[in-house]
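Trainee: Hey, can you work out the whole structure from these sequences and the hints?
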Amino acid sequence: MSALSRRRVLFGGAAVGAGALLTACTSNDPGTGAQVKTNASGDANAAPGQKVTIGFSAPAADHGWIAAITNNAKAQAATYSDVEFKAVEAGADAAAQRAALSTLIAQKPTVIVMLPWDGKELNAAGLEAMRAGIPVVNLDRAFPSAAAYRLQIKGDNYGMGLAAGQYIGEQLKTKGVTNPIIGEIPGIDSLELTQERTQGFNAALATYGFKVANRRPAEFTADSGQAAATALLQALPKMDALWNHDDDQGIGVLAAIKQANRSEFFMVGGAGSKAAIDAITADNTVLKATVTYSPSMASSAVTLARLIGQGKGMSDLVELQVPKEITLASETITKANADKYAKLGF
Amino acid sequence: MIAQTAPPDVRPSPKSKRRLDDNTARNLGLVGVLVVLVVIGIVTKPELYSDPTWVRNNVLTILQQASAIGVVTVGMTFVIIGGGIDLSVGAIIALAGVWATTLATQSHGAAGMIFTALVVGIAVGLINGVLISYGRLVPFIATLAMLVSARGLAAQISGKQTQVSANDTINSIATTKLLGVPLLVWILALVVAAGWVLLNRTTFGRRTVAVGGNPEAARLAGINVKWHTVLLYALSGLCCGLAAIMLTSQATSAQAAMANLYELDAIAAAIIGGTLLSGGRGTIVGALFGVLVFSTITNLFAINNLSTEVQNMVKGGIIVAAVLIQQFRYRSLTQLLKR
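Chains U and E, in that order, are what the protein sequence lines are.
If you're matching positions, the first sequence starts at 1 in our numbering and goes up one per residue.
If you're matching positions, the second sequence starts at 347 in our numbering and goes up one per residue.
Hints listed in this document are in silico derivations from the structure and should not be mistaken for laboratory results.
Incorrect hints may have been included.
[Stated by the list, open to error] From chain U, some residues computed to sit far from chain E (all C-beta separations above 10 angstroms):
hint	residue
1	Ser27
2	Ala44
3	Lys51
4	Lys86
5	Ala99
6	Leu193
7	Gln199
8	Arg216
9	Asp223
10	Ala235
11	Gln259
12	Ser263
13	Glu319
14	Ala329
15	Lys335
16	Leu344
[Claimed, not checked] One-sided and incomplete, this derived list gives chain E residues near chain U with beta-carbon spacing under 10 angstroms:
hint	residue
17	Thr370
18	Asn373
19	Val377
20	Val381
21	Gly443
22	Ala446
23	Leu449
24	Ala450
25	His454
26	Ala520
27	Pro528
28	Gln596
29	Met604
30	Thr644
31	Ile649
Since the model is a prediction, treat every value here as computed from it, not as a measurement.
From the three backbone atoms N, C-alpha and C, an ideal C-beta is built for every residue, glycine too.
Mentor: Shown next, in the form of structure tokens:
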């Protein structure tokens with residue numbers, strides 16, 4: 001009995017000591033390199049105007065891209081003296097976000113910017129806000145009903161696949177590879193965005209007469225990327241090109257390639273993370289390019305939400321109001337232009 | 347390899363002899379499944395299997411990809427034999443991995459990172475165990491709550507970012523080979539061996555079986571059931587901490603969403619390995635075979651470029667089939683003996 005309690009005391013002491021040591025280890029200087037637009041001293045739109053309250057809601061998903069979306073929106077709002085930024089937690093799912101949005105609507109912000117969990121499921125929330133006279137800026141995940149949003153700004157998933165396919169097709173054509181072996185590592189396969197990316201990729205490859213030899217989906221996480229890439233590399237002992245849909249999972253994909261000691265192919269990434277752009281610049285891995293799907297759209301969304309709130313248009317356009325839909329082009333980042341994009345990496 | 351559950355100091359009564367045969371038969375059955383999977387691979391992809399280097403490489407890859415989940419499964423097997431369940435293993439891995447890769451922890455070097463991961467794993471396991479033993483929470487609920495909150499804390503610490511490991515020593519764990527075999531596979535082998543000894547050759551193992559089989563009888567026999575349960579969850583947590591290091595090394599990073607659904611893979615592997623979900627019975631070697639079956643299926647589907655949806659359906663089918671076959675064989679065996 002006494003031995004047992006001594007053991008317990010030791011155990012407890014060790015636990016307390018370790019706990020004290022560990023709590024010091026949670027610090028993580030974020031050093032957020034947010035993507036912010038801060039220019040235009042001569043631009044009338046930049047001058048402080050009518051006070052605007054922007055309500056913001058985005059899912060709390062554990063992914064670098066979503067984190068960058070929220071950071072960007074916050075940072076962009078902070079650059080305006082006439083903007084009050086009111087972020088609400090989107091909660092764990094679509095239902096929670098709907099609840100959070102009704103609270104937000106009751107507070108009567110000037111404009112609401114939201115990245116919905118799911119466009120279809122949050123469509124009603126968009127309609128409710130619009131009916132309450134609050135313009136809604138939809139970020140990236142479209143509402144089916146055009147009445148549910150004032151502005152929709154999103155990335156181009158199909159175009160992303162197209163860009164990746166075109167880059168790979170051109171490279172292989174230049175190298176004179178006639179019957180290339182091409183691998184693909186998509187993200188979560190059940191998502192519509194993944195399917196659109198793959199469709200674009202296949203369409204672009206088809207114009208060169210190429211097709212994907214093997215496709216192993218991951219889950220947008222580095223460890224799933226490592227597992228998918230390991231399986232893919234084992235299935236294709238020789239490969240010419242690889243498209244990985246997402247640079248975050250790409251960390252694991254690159255690790256797997258290194259662990260398997262492979263280098264006979266080149267790889268294209270997706271999204272345009274800082275790590276990927278750095279690797280492309282350094283040019284010491286198989287990663288030679290990445291096609292963007294930039295979270296900078298959140299910064300632009302806040303800028304445009306402010307203009308909508310103030311009733312202004314985009315000063316370079318003829319129209320007096322902000323357009324209704326904006327789709328970002330997916331750009332291809334290679335070593336040649338990587339320096340230009342370095343500040344946009346997230 | 348054979349004497350799985352029969353406690354060493356119990357004379358082989360007819361009953362325990364039958365149990366022993368049952369375990370051997372089950373493990374042989376799982377080996378049979380593995381052989382069938384490999385044969386399917388050979389038939390469908392002869393061009394790959396005709397290259398001995400590729401085959402050797404493939405076996406090592408399957409083992410390596412099974413290593414982290416295998417370590418988790420050993421811990422899970424102990425918890426299940428002890429009458430519990432640990433739904434939080436994936437979340438513990440994420441928390442341990444994230445905690446071990448913060449910039450602050452990384453500044454303490456590889457030893458600091460490994461220490462952090464192991465201690466976080468043990469600590470979370472202890473909390474699970476205390477909640478279940480002394481807070482009288484049902485294991486399912488306690489570890490479900492831990493699943494949610496540990497991932498939440500991991501997301502909080504990481505700021506939802508993927509934390510890249512800049513530590514070469516940690517990253518090289520996944521690339522190092524000893525005698526031509528990846529270090530990760532050696533770690534798995536050591537953990538399985540240690541788990542086997544712990545379960546079959548120590549009082550701790552005997553107590554685990556007793557606690558899971560009949561907690562009241564175990565208590566009357568003088569076993570501190572509550573404290574033993576705490577230790578089982580701490581052991582599972584320790585395995586998760588170790589797995590976190592292995593996964594972090596493989597992915598050269600950690601994030602709050604890592605090791606997604608590992609709890610289900612680990613439970614499934616333990617079950618098809620012959621561990622009784624109600625506790626009191628189970629084998630480490632069987633659990634290892636369970637993990638290897640899943641890893642081999644993943645490999646088989648990859649080399650044939652089949653979709654992961656089909657793969658998941660087959661996995662589900664194998665779980666059901668394994669349990670059905672076990673029941674069926676057990677029943678027919680009993681009938682045979684009665685005759």
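Trainee: The structure should be examined with respect to each hint, and the outcome stated for every one.
Mentor: Do the hints match the structure? See the list:
At the 10 angstroms boundary, the C-beta of Ser27/U falls inside the reach of chain E, the nearest C-beta of that chain being 4 angstroms off. Separation of Ala44/U from chain E is adequate, the least Cβ-Cβ distance of about 37 angstroms exceeding the 10 angstroms criterion. Even its closest Cβ contact with chain E, about 30 angstroms, leaves Lys51/U beyond 10 angstroms, as expected for a residue assigned away from the interface. For Lys86/U, the requirement that its beta carbon stay farther than 10 angstroms from each beta carbon of chain E is met, with the minimum near 20 angstroms.
For Ala99/U, the shortest C-beta to C-beta distance to chain E comes to about 18 angstroms, beyond the 10 angstroms cut-off, and the non-interface label holds. Separation of Leu193/U from chain E is adequate, the least Cβ-Cβ distance of about 17 angstroms exceeding the 10 angstroms criterion. No beta-carbon of chain E is positioned within 10 angstroms of the beta-carbon of Gln199/U; the least distance is around 16 angstroms. With a least beta-carbon separation of about 6 angstroms from chain E, Arg216/U fails to lie farther than 10 angstroms from that chain, contradicting its non-interface assignment.
Consistency note on Asp223/U: stated as away from chain E, yet its beta-carbon is not over 10 angstroms from all of that chain's, at 4 angstroms minimum. The Cβ of Ala235/U sits about 4 angstroms from the closest Cβ of chain E, inside the 10 angstroms cut-off, so the non-interface label is violated. Not every CB of chain E lies more than 10 angstroms from the CB of Gln259/U, the least distance being 5 angstroms, so the non-interface label is violated. In this structure Ser263/U is separated from chain E by more than 10 angstroms, as the shortest Cβ-Cβ distance comes to about 14 angstroms.
Every beta carbon of chain E lies more than 10 angstroms from that of Glu319/U, the smallest distance being close to 37 angstroms; the non-interface claim holds. Its beta-carbon lying about 26 angstroms from the closest one in chain E, Ala329/U satisfies the requirement of being farther than 10 angstroms from that chain. Against chain E, the non-interface label of Lys335/U holds: every CB pair exceeds 10 angstroms, the least being about 21 angstroms. For Leu344/U, the non-interface assignment is confirmed: its Cβ lies about 17 angstroms from the closest Cβ of chain E, beyond the 10 angstroms cut-off.
Annotation: interface hint on Thr370/E violated; nearest CB of chain U at approximately 32 angstroms, more than 10 angstroms. With 10 angstroms as the threshold, the beta carbon of Asn373/E stays out of range of chain U, its nearest partner Cβ sitting at about 26 angstroms, so the hint is violated. A cut of 10 angstroms between beta carbons decides the hint on Val377/E: the least distance to chain U is about 22 angstroms, and the hint is violated. Because the beta carbon of Val381/E sits about 19 angstroms from the nearest beta carbon in chain U, more than 10 angstroms, this interface hint is broken.
For Gly443/E, the interface hint holds, since its Cβ comes within 10 angstroms of a Cβ in chain U; the closest pair sits about 8 angstroms apart. The interface hint given for Ala446/E holds, since its Cβ lies 8 angstroms from the closest Cβ of chain U, which is under the 10 angstroms cut-off. With its C-beta approaching chain U no nearer than about 5 angstroms, Leu449/E sits inside the 10 angstroms limit, and its interface hint holds. At about 4 angstroms, the closest approach between the beta carbon of Ala450/E and any beta carbon in chain U falls short of 10 angstroms, and the interface hint on this residue holds.
Given hint, His454/E at the interface with chain U, holds; its Cβ is 7 angstroms from that chain's nearest Cβ, closer than 10 angstroms. For the restraint placing Ala520/E at the interface with chain U, the shortest Cβ-Cβ distance is roughly 5 angstroms, inside the 10 angstroms limit, so the hint holds. The beta carbon of Pro528/E comes within 9 angstroms of a beta carbon in chain U, closer than 10 angstroms, and the hint placing it at the interface holds. For Gln596/E, the suggested interface contact is upheld, since its CB lies about 5 angstroms from the closest CB of chain U, less than 10 angstroms.
A hinted interface residue such as Met604/E counts as satisfied when its beta carbon comes closer than 10 angstroms to some beta carbon of chain U; here the least separation is about 5 angstroms, so the hint holds. Taking 10 angstroms as the C-beta contact cut-off toward chain U, the hint placing Thr644/E at the interface holds, the least distance being around 6 angstroms. With a least beta-carbon distance of about 4 angstroms to chain U, the hint placing Ile649/E at the interface is held under the 10 angstroms criterion.
In this structure, the hints that do not hold are numbers 1, 8, 9, 10, 11, 17, 18, 19, 20, in rising order.
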